[in-house]
Each structure stands twice: as structure tokens, then as C-alpha cells.
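Visitor: For the sequence shown, the positions run 1 to 1118 when UniProt numbering is used.
Hints were generated in silico from the structure; no laboratory data involved. Positions of the beta carbon are idealized from the N, C-alpha and C atoms, including for glycine. Among these hints, one or two may not hold up.
To be verified - Below, simulated DSS-like cross-link-like pairs (lysine-lysine); rule was C-alpha separation at most 30 Å, straight line:
no.: 1; residue 1: 42; residue 2: 162
no.: 2; residue 1: 769; residue 2: 671
no.: 3; residue 1: 769; residue 2: 747
no.: 4; residue 1: 439; residue 2: 479
no.: 5; residue 1: 713; residue 2: 115
no.: 6; residue 1: 76; residue 2: 103
no.: 7; residue 1: 684; residue 2: 568
no.: 8; residue 1: 417; residue 2: 375
no.: 9; residue 1: 42; residue 2: 241
no.: 10; residue 1: 943; residue 2: 1111
no.: 11; residue 1: 447; residue 2: 375
no.: 12; residue 1: 115; residue 2: 479
Stated by the list, open to error - Have a look at the derived ranges for each label pair, beta carbon to beta carbon:
no.: 13; residue 1: 753; residue 2: 842; range: 42 to 50 Å
no.: 14; residue 1: 864; residue 2: 826; range: 25 to 33 Å
no.: 15; residue 1: 1049; residue 2: 898; range: 52 to 60 Å
no.: 16; residue 1: 737; residue 2: 758; range: 43 to 51 Å
no.: 17; residue 1: 835; residue 2: 754; range: 41 to 49 Å
no.: 18; residue 1: 657; residue 2: 737; range: 36 to 44 Å
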Amino acid sequence: RPSAILARALLRVMLDPQRYGEWLHEEVFQPVVTVIATETVKRCVKETNAVSIAELFAPFGGRYRQVPVTYHCLDKPVHLANTSFRFVDADLASQSSAAQAEKVTTWMVESSSPKNPQEAQRVPAPWFEQWRCALVRSLQWSEHEGLDQPTAALLVVSSKEKDPVFLLEQLLHSSNMPPLCSQGVLDPVPGRTAVLLHDLADPESPDDAVLSGNFEEVRTRFAPHPCLVLRINSGASALQKVQTLYQPFVDARGPPPPPSESSSPLGNHLTERDLDAIADVAREVIVRSAIPWMTQQLHQLDAQVSQKRKGLGNQLRYLLRKPREDFAKPGAHHDDVYPLQTTEGQMRLAGDLAFHLRDYETALGFYRHVVSDFKQDKSWKHAAGAAEMIGICGYLARLPQSDWERPMEHAYEYYTKADAGRHAMRTVALHLAMVSDEKEAVGRLMKVNANLSDTGGLRSAMILEQAAQLYRRAGQHRKAAFYMVLSGHNYNKIGIKRLALYCYSTVMSTHAPKQWFHIVDHIHFTMARQAFGLGHLSNSLSHFVELLNSFVAKHRSIQADRENTYLKEFQFVVKTWLEKRSGGDEAVDLLIPAIAPEVSVLLPSDLLQQLHEIKDEFVPTMSWETLGEKLVALSQDDRLELQWRSRQDRSVFDTLERVAAVDSEIHVELKLTNPMRVKLELHKARLGGELDGETGGVEFPDETIILAPLETKSLRLRAIPRQRGLLHIQRVSWSLFDLVQCHRPLKLTGRRLRSTQEQRASCMYSVDKRLHLKVRTQVPVVRAWLEGWPTEPQLSGELRDVVLVIHGGSAVHVATSHPSFLSFDLTADGTMRKQGDIVVVDQMEEGAESERRVPATLRACTLGRHAVRLCVLAVQDVGEARQSRQWVTLEQHITVSPSLACRVSLSPSLQTGRRIYSVTMENQSEEAVWIDSVRLSGSSTLKECVETEAHRIETGRQVHLLYYGEEEMEDCMKPRDRERTLVVGWRTSVRGTIHAPVVEERSSACPLAMQLIAPDTVALSPDLTVPVTIHLRNVTEEDVHFFFIASASDFMWLGCERSETLCMPAGTSHIVTLQAYFPFAGVFNLNRFRFVTSGGTATENQVAFVFPYEKLIHISST
């Protein structure tokens, strides 16, 4: 869980009292053993083992092997499973200057910085631990504290030196002790141990007899101090284990000097037996010399302090104590010290010895007593040191938080007053390792960063980084990222590029999910530059790739010059990277330009096919499967091929693998998008893949592509198989700016599988085989297209000549979804014929021209939008009664607008052998229409009953014309004639025909005779009405009851259209006058009356009659 992870990280940074004490005694404050050696010893060890004499013993102060000890601290028994001591050269037992400390600290931090910023780092980071240790080491041998009191002096004399007893007596002189001992701050007489160093690798070393004699003399003269013989360098060369053991202690010196040719390997000639011998000597020094001296000295100091501070007189004297004059002087408190002869110095040293002996309550008592004296003397540095130890001992003694947190804060304030910035920083670092609230810890760090000046900049960078870590553990990730970026900037300023790179990389997980594009871009760009400066070309390249790839998924505004800068620096990094790799063809995982997920694979038969997505659901479309079934019985592959062409459904490619011919061009259509405001040049753009698992056998031609800023372009790349097999197109590649090699895989995801519960739960997808093609040798290669197809809307009945062009010699069968729209002319070529609605084109002979043209006439007679489809099946025999098929599908859209509306009715004429065709035509187009001809389908042209001028119909106007045909009445009445269609030829700027069905009027013998009287010709005028007189006569010998109905569709009768029921005796007449209204010009038949007769009553046995003759009237337009 996240809370558990944060808790574990917190325990590694903020230590509980037990682990805090272990860390302090092992790495921060260790008892000191001073190593004093002759110049011969120093030189020999340095030349032979490449370490100093103190470094020779350094790993054995409780690290290489545990040193258990048991002692009594002021009558309190103490047992430690391991104790840690620090061995120090007496010559180097002085405090480093600020400049030297800064140099060593910077080198140690930079050395421990991560080589790969992407690797996960433990908490706390190694470089922070190195910085903290370097800070503590640089403040050792401070004059205001006794933590570095030498507990033992290790006197080392070489066995090859003459008179070792005399040399040891010289080494015993107090001038050889550290400077603070000579100044009286520390005790100059610690426990002493004499060591006679015998170098087995030195040819000048004496034999065992001489060594034994010298050792006995030393032990006799040096008693009661321990005396030991140390034999080393029994090996022939350096061991890796020895070098690993000594390396951390050598690194603590600081930057190593340039290696010389005469320098020996680290730990040369030392063996594991030598290490055990050195460990035994170190243990003897600690157990028999250092620990006894510390306990004895603590007893003495406690007795001296008690003598001076206990009792009523001493307490009164202490209460009346005055501040020391030398500390009261302005500026004097920085350099003056409390000698060991003073009570304050004794109490401070007693507290430090009790601390080293792990008696925190005793140490706490000494520190609390002496801190008030220091404050009274205004010795702020001494007071700060005592307060610091009060806080540490209080925490280790598990006192309440206020009892140890307040003294740590006071220590920081006192160090600040004493102008001891490095000591104040040490206090904050020690306080930071105690378990406390993260926000309060951040506040302390920010306080230090604001109050203390930092000339080098490393301290500020460390503080900001630790503040970021604390904010992250507190759950404030935005603040953590902010301070981590500031830390990276500081690292960059002081030249520690790797840590700057690490800081930037850690904030990416915070900023990237929040879509803070500008921040992420800036960090990636900065990290790329930092990595390039460090020589991490691969890392720099990856950051540039992340930066540029982010443009694919973002929609934001960035200036073009900045994007241009990104690309130029990216190209420079790639160029350098390729040069380092000897110019190898290395691909970069760059996602620009973006490739759309829609990928189409087009065979030669598909290239001229116009695939239009029909969005209007009211456009009728016949499926390709239905058309294919008209041509041949469909196999499973045929059906899948036609299904894909009908719906473009990718589920078809779960099983369908299309077939291509050898040496044919296979086109893969891609859509590339340039997301940047900079022009992109793609050189050598080509496909990539395998044919039967091998890269040979297929050719991938390359192309050059130029993408303008923010341009989206469709392109087609080719693959040409040269042999049969299974072709798998896998990728597309190009060289960006002819420099950056990019390989982009073409991985098509199939349909989502939902059949089983496992598929639904795990988001499983089928395999899309669109890029898998079967390459065969005997495949009919046919292409087809339509020439002359109109692109603009057509008028109903408009005639247009089109040509179906078929390229290829195979036999071809053609079916169309609209056979009424297309009429193929197959008379000119004997190889073409028609079988029902199917057009068959036979296979051509070898050597004949491979292109065949099938003329056709396009006549769209149905209004609306139409998708006209042609399904072409090419067939080639491959032997053994098997055929190889190729499908070509063509789809064209056409919009049909209204042109001429026509209504036709047929009635017999009084003249023998004639029929009257009453034709009403309305111009519904946007242009004037001329009538060229009127004929029956399959017959000759009809004649007008009344000759008029040429017929021109304006837009929205109607005209009525009467035509007759010269045919016998008996033929006219045959059923087949009643099914005929009238064909009207018209023209505007184009020509066309309208086909109208003929509706025949049926009539029976009528008992009445009728005569119509009306003028033959009348000029058209507004509101024109013409009087029509009807003379009726009963021609039977009985009375006739009847009424008549006046009806007309092309003109109107004014008044009542139905008369009253009349009774006409035999032989009588009746006259009726009606008014006819004509809205437009033309020739009209006035005989549009229907008579209804009945028997004796008005409603009995009703029979309808019409008179089979015409009364024509010509309404002229002029």
C-alpha cells in the first residue's frame, strides 16, 4: 500500500532512537585512536600498500569484524556486542578549512551520484549520506567539544629500524599528539600501545630472531603499556576483497591525485591472514587500552567536577560566578577555548566520554550543567555544542519530544549567533534524522536555506532535495516536484550534472499525468541537454524522443521557433550518437509524424475503385454479395472478399487472407499527420516485411515525403513480391531529414472478442490478417474502370454515353445493381454477349490488345440519389478443373433531378384505324424544354392531331398535345398494346427521353347521340374561358334517364361538374352550354364527358358511357 511504502521510506530517513544511536556511534561520533608512527613506517606503508598508517587500521575499528566489549561506566555495567572506533593520523588531527571541506564534499557527492538517473534510488540517497558524512568529518577536531578526545595512542615503529625503544620514547612526547591536546583542550595522555611493524615484503626486514629480541626489549622498557608485533604483506599481489575493504576510507580523503607509474595497487601484498592480524591488533588497542582509559578518565573527571561543584560552599560560589572577561569581549568568543583545567572543560569532556560509553543519562547531566555556564559567558559556540548533545542524548534516552527538540533548536540559534554556519547545518542534519513531523522538518530546512549563506551552492541543492523528499512523504507531491526542480537547477549551477538530471527525472511522474505540457517539455528538454553534456547520448536521445513524441497526443500552442530548436538539437544529438556507434543503422523510436490507425491494403484491382462511404441511409444499395451471386456460386473466400467490400468490416480479416499475383504492386495506404509547426522531410520512406519468413523475395520501393506544418497527408507505399508465398507486411520506415532512422510497426488490432467471459474480462482482440497476403503465380490480373461517368446531377431521362474499360485478357463477367440505368452496346465486338442481365466478355487470344472497351448508355429515370455498382469477376483456368478468380468492384454515385413529367391516356378515334393519345407534359427542370419526338416504345413516331409550332415548355409550365397512330383498331385493342410505353424525346442543353405508361379509356355503346360545338382555335389570354355547347338526342325508342359528368385533368370546367338526372323521351333532344377554362396553351380534347344511364328509375341498373370521338381545340400561345 502507498502508506506502507511511505512509512518504510520514512523509517530509513528518520531513525528511531535505537537505530539513531547505532548510526551516530558508527558514522558520526566515534571515539578516536591516534596513530603515531615514524617516518619510515609511514613511507613504507604508503609505498607498499597505498594507504596511510591510520587507514591501514581504519576498517578494523568495528567494521571488518565486531569488537565486543564489557566495562563499567560509573559503576554501571555495560556490554556492547560491537563498538566502533576511528583511527586517525596524528599529523592530520586538525579541522579542515571551509574551502577544503567544500572541495572534498563536492567530490564525494559527485562520485556517489547515480550513473543512470532512471535507476531507482534508496532513501536516503547515497549522495545525501556522503554529504552528511563529509559535513560531519569536516567539523571534527572542533575546539568547543571533546568528542574527538584521543582515547588511545597507537605508537608504531618499523622492525627494520635501529633502536626501536628510543624511537618509541620519542613518539611518546606530547608534541606528537593532535594540536588540541597541545592547547590543553583535550587530554594529551591517553592510553598507549606500542606496535612493532614487521613488513614481510620488505627485504630489509630482520629475521625472526632479531625481531623477537627487539620485541622483548620493547616490552620490557615499555611496560605496563601493551606491546604487540604486527606482521603484514605476506601476499604477492593485491586482492579484490582487500581493495573493496579499503576503498571507502581512501575515498574519504577527497579527490585522488593523478596516478603515477610507480604507485602500488591499493592494499598490495595484503592477504586475509594479514587482515586478521591487523584486526587483532586493533581489538587489543580498543579493549586493553582505549576502553579502560575512557572509564578511568570518566571516573576522575566526575570526581573533580563533584569536588568543585558539590557542597553548599561550591554551590554558593557557582551562583555568584561572574562571566569570563575574555569571552565577554566583542569578537573574542570565536577563538577562545575552555582548557581542560577549567571546570567547564572538564564537564564537557566528561559528558563526551559518557556519550561514547553509551551512558546517556550521565552525559545528559554533564551537558545540562555546563550549558548554563557557556550561556552566561556568552560563549555561544560552546553553548550550541552542549545544547546539541543535550538534544541527542535526550532523544537516545527516549525523553519526551519537547525535551530533545527544543535543545536542538537552541543549538541552531546559538551556532547562528556564533557565526558557525557549518556547525548549524550539522545540527539541522542530525535533527532531521530524528523522527518528527515532515512539515516541521521542511520548515527547519527552509530556515537554514534562508539564514545561512552558501557560497558553493551544494548545501542549498541538498536542502531543497531533502525538502522535496519530505514533501513527497507528506503527500504534497506538487510542492515536492517544485522543490526538486529547484534542487536540480542548483545542482546544474555548481556543475553536478548527474544529480541535476536525477532531480529532473524524479518529477516527471508528478507532472506528466496532470498534462502540464509546458513544464514536462521544459524538463525533458533540460534533461536531454544535461545528459548530452554528461556524455550519456542514449539517455539524451531518449529524452528528446519523449519530448517530440509528446506532440502527437497534445493539443497546445508552442511557437514554431521553439519546435525548430527542439528538432535541430535532436538532430545534433542523433548525429553524435551515430558517430559514436560507428555510423550504424540504428533506429529511433520516434512517433512523429503520427500514423492514423486506419490502414488500407489495395491490390491492383482496387486502385481505380472509388470507395464512397454512403452516409445517407435512404440511398438504396445492393450488396456486393448479391451481385456476386448473380455471377457465380460464391465460395467462403469469395463471400468474405465481397463482405469486406460491402461493409469495410475488419472482422472479415479474422480469416480472410487476400490473394495477390507475383510481380504485382501491392499498395498500403497510410495517413500521416505532422503535429508540429515545422516542416518534416521523410526520406527513403518504405514498407518492410517478410515473404515466407525471409526478407528476400519482395521489393519495397522507397519514396520521399514532405509534410508541411500541421499537415495531414495520405500516401501509398508499395510492395512488389517477386515469388510466390505468404507475404507479411510488418512495418514502415523512413529517414527523418535523411538522418534519423525510424521504424514504425504496423500492428493492426482486430475486433474485440466478447464470446466468452474470459475474453470480456481480459479485453482480448482477434488477429487482423489485413497485412497477410497470399502471393500466387496464376492469378487473373484485371483492372476495370468507367469513363465518362457524370459528376454533376443528371436530369431524369438524360442520356449519357459511358464506357466500361477492362484491362486484362481474362474472361470477365459483369453484373450491375441498376440494369435499368445502364444499357450496354455489345453489337460492335463478337467477344461480348449478354446472358440475361449479365455481360460476358470472353477471354482474349494471346498477343491481342489487353484493353477492351464496352460502350454503354446511362439513362437514370428514377429521381433521388443512387449508388450504381458494377461487380466484375475475372476468371482464369489453372488446371484440373480449378479456377482462379479476381473480383473488381466499382461504385459510382449519381443524383437524378426531375426534368419532364408526362401523363398519357389512350382513347379510340371516330376515324377508322386511329387511336388518340392524350399527352400532358410539365417542365419540372430549371431550363426550357423542347419536345423533339413522341413515339411508342418499339414503334414508329406518332403524329399530332393538330399541327402546331415547335413545342417549347418553359420552367414550371404545362402543355397538352394529342397524337394518333396509323394502326388498325383491332390491333390497337390487343392486350400487348395496352401495356405499351410512350417515349418522349426532349432536349435542353442535353438530350433525354421520358418513358410514360399509356392508360386506355374503355367505353360501351351509348343510347344517346352527342354533338359538341366550340371554336377550333383560340388565342391564349389571361382568364381565358371558351363556351362549349352540347347537343344531346335520344336515339332509342324508349325513355332514357341519365346524367353526365364533365371531367378533365389538363383544363377545368367552370360551374357544376355533375348535371342533374334528366329524362329524355324517345327521339327528343337536349342542349347544355358549359364554360371551359384553359390555364396554358396546347391542343385539348373537349370530349371529356361521361354519361351514366339507368333503367326505369334513376338508380336502377346504372351504366356509364363515353362517346368514342374527339373534339379538338387549339389554344395557341400567340
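Visitor: Work down the list of hints and note, for each, if the structure agrees.
Guide: Verification of the supplied hints:
This hinted pair checks out: residue 42 and residue 162 have alpha carbons roughly 16 Å apart, not beyond 30 Å. The straight-line distance between the Cα atoms of residue 769 and residue 671 is roughly 19 Å, inside the 30 Å bound, and the hint therefore holds. For the suggested pair residue 769 and residue 747, the alpha carbons sit about 10 Å apart, so the restraint of at most 30 Å is met. Note on residue 439 and residue 479: the hinted pairing holds, with a Cα-Cα distance of about 11 Å set against a maximum of 30 Å.
Taking the CA atoms of residue 713 and residue 115, the gap is near 43 Å; set against the 30 Å cutoff, the hint is violated. Taken as a hint, the residue 76 and residue 103 pair is broken in the structure, with Cα atoms around 44 Å apart against an allowance of 30 Å. Our distance criterion of 30 Å between C-alpha atoms is met by residue 684 and residue 568, whose separation comes to about 20 Å. Among the hinted pairs, residue 417 with residue 375 is consistent with the structure: their alpha-carbon atoms are about 12 Å apart, no more than 30 Å.
A hinted pair counts as satisfied when its Cα atoms are at most 30 Å apart, and residue 42 with residue 241 qualifies at roughly 23 Å. Taken as a hint, the residue 943 and residue 1111 pair is honoured in the structure, with Cα atoms around 17 Å apart against an allowance of 30 Å. A distance of roughly 23 Å separates the Cα atoms of residue 447 and residue 375; the hinted pair therefore holds under the 30 Å criterion. In summary, the hint linking residue 115 to residue 479 is supported, as the alpha carbons are separated by about 26 Å, within the 30 Å threshold.
For residue 753 paired with residue 842, a C-beta distance near 46 Å keeps the hint of 42 to 50 Å intact. Taking the beta carbon of each, residue 864 and residue 826 are about 29 Å apart, inside 25 to 33 Å as hinted. For the pair residue 1049 and residue 898, the beta carbons lie near 19 Å from each other, so the given range of 52 to 60 Å is not met. In this structure the hint that residue 737 and residue 758 lie 43 to 51 Å apart at CB holds, the actual value being about 47 Å.
Take residue 835 and residue 754: their Cβ atoms lie about 45 Å apart, and the range 41 to 49 Å holds. About 37 Å separates the C-beta atoms of residue 657 and residue 737, a value consistent with the hinted range of 36 to 44 Å.
The structure fails hints 5, 6, 15 (numbered hints given earlier, in ascending order).
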